[in-house]
Amino acid sequence: MSLTTEELIKIRRDLHQIPEIGLEEFETQAYLLNLISTFNQNFMTIKTVETGILVRLAGSTGHYTIGYRTDIDGLPVAEKTGLPFSSRNEGRMHACGHDIHMTVALGILNYFSENQPMANMTFIFQPAEENASGGKRLYESGLLDEWMPDEIYAFHDNPQLPAGTIGTRLGTLFAGTCEIHAHLTGKSGHAAYPHQANDMVVAGAQLVNQLQTIVSRNVDPIQSGVVTLGQFTAGTTGNVIAGEAQINGTIRALTQEMNLLIQKRVTTICEGIALTYGCEVELNLIQGGYLPVENDESKTENFIRFMKNDSEVSFVETQPAMTGEDFGFLLSKIPGTMFWLGVDSPYSLHSEFLAPKEVAIDAGVLAMTHFLTDRDQQLAK
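What the sequence shown shows, in the working numbering, is residues 371 to 751, in sequence order.
Source of the hints: derived by calculation from the structure; they are not laboratory data.
Among the clues, some could well be false.
[What the hints assert, rightly or not] Restraint ranges, calculated between C-beta atoms of paired labels, are given here: (1) GLY461 with SER511: 27 to 37 Å; (2) ASP384 with GLN626: 35 to 45 Å; (3) SER372 with GLY541: 46 to 56 Å; (4) MET371 with THR603: 18 to 28 Å; (5) ARG383 with THR607: 41 to 51 Å.
All figures in this text were calculated on a predicted structure; none of them were measured in a lab.
Backbone N, C-alpha and C fix where the C-beta goes; we use that ideal spot for every residue, glycine too.
Using the sequences provided together with the hints, build the complete structure.
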């Protein structure tokens, strides 16, 4: 029997209460394993990868493998929704909706555990999407190799779309990201004697200003890029010249080429600041596995055509977003499609007030069981 609406909502609320940071999803993993163990096991195999889970459904013909991925980690956010099933883990929240992601994946897995597909299916419950390039870690571990999908699908919830709406596009859906960490070292000193010191507030301020010229003066206006510096820390008090400063930020770009161009300019500007202000600038650029999410053309054309023709699905074609998602790494290795699932909230992803509408869960399960069944039948022809 497929999971009912009430059972799916209970699962989502259970998961919402136990958010954990990437690679610390021990309670989440235990909950998922316990629930999956209650599904039909006749053609199912399960194995764990760090705090993640891989589930294999052996197809009746087994000549092809379809993959489905969900992420399972939460964020270091203190929840303020006031929901009766709010997070029990202090300072942790499913503020990106991964509880919705997991619940839909479980609904799909449960359906196909009761309705054996002809193709094999590999379900990936992936840790550390938010903080440690979990998709890249999983792929490079080699543990997926024997169950490697020939094509793969995943979604991200979208507060700006009506609940249950499916949305995607050909080409790039989400940006690739890169973290910026710049540590500046000069010489501290007394505020009255600036000539005896080397002020890293001044050097850091100039670095911030110059980095903000990259998009306006180095990026083709027809293309897209973002440089955001969200953290600047320096000094201890108002009458002491700061000898050190730390600047942290992010790069977002819709192509890997643009991401690399911006990284090159960040590097050059940091080198120039070091020369100009006679200081040291230690720059650390971290991209990890956060490549642009680039949908495969043929797989996505097929996906869009199906969703448009399914009378039970509300579908919209969407614009690219500067959101980052490590599913981009898996799509760079395996052809497939990522899409949005609308959850209709006035609050953005990562907000401490985010409360997705649960009606989206049934809609997501329905749309993907229909699509994957159709895809399975296409592959059998």
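The hints, checked one at a time:
no.: 1; hint: GLY461 with SER511: 27 to 37 Å; result: holds (29 Å)
no.: 2; hint: ASP384 with GLN626: 35 to 45 Å; result: holds (38 Å)
no.: 3; hint: SER372 with GLY541: 46 to 56 Å; result: violated (34 Å)
no.: 4; hint: MET371 with THR603: 18 to 28 Å; result: violated (55 Å)
no.: 5; hint: ARG383 with THR607: 41 to 51 Å; result: holds (47 Å)
Violated hints for the displayed structure, listed by number in ascending order: 3 and 4.
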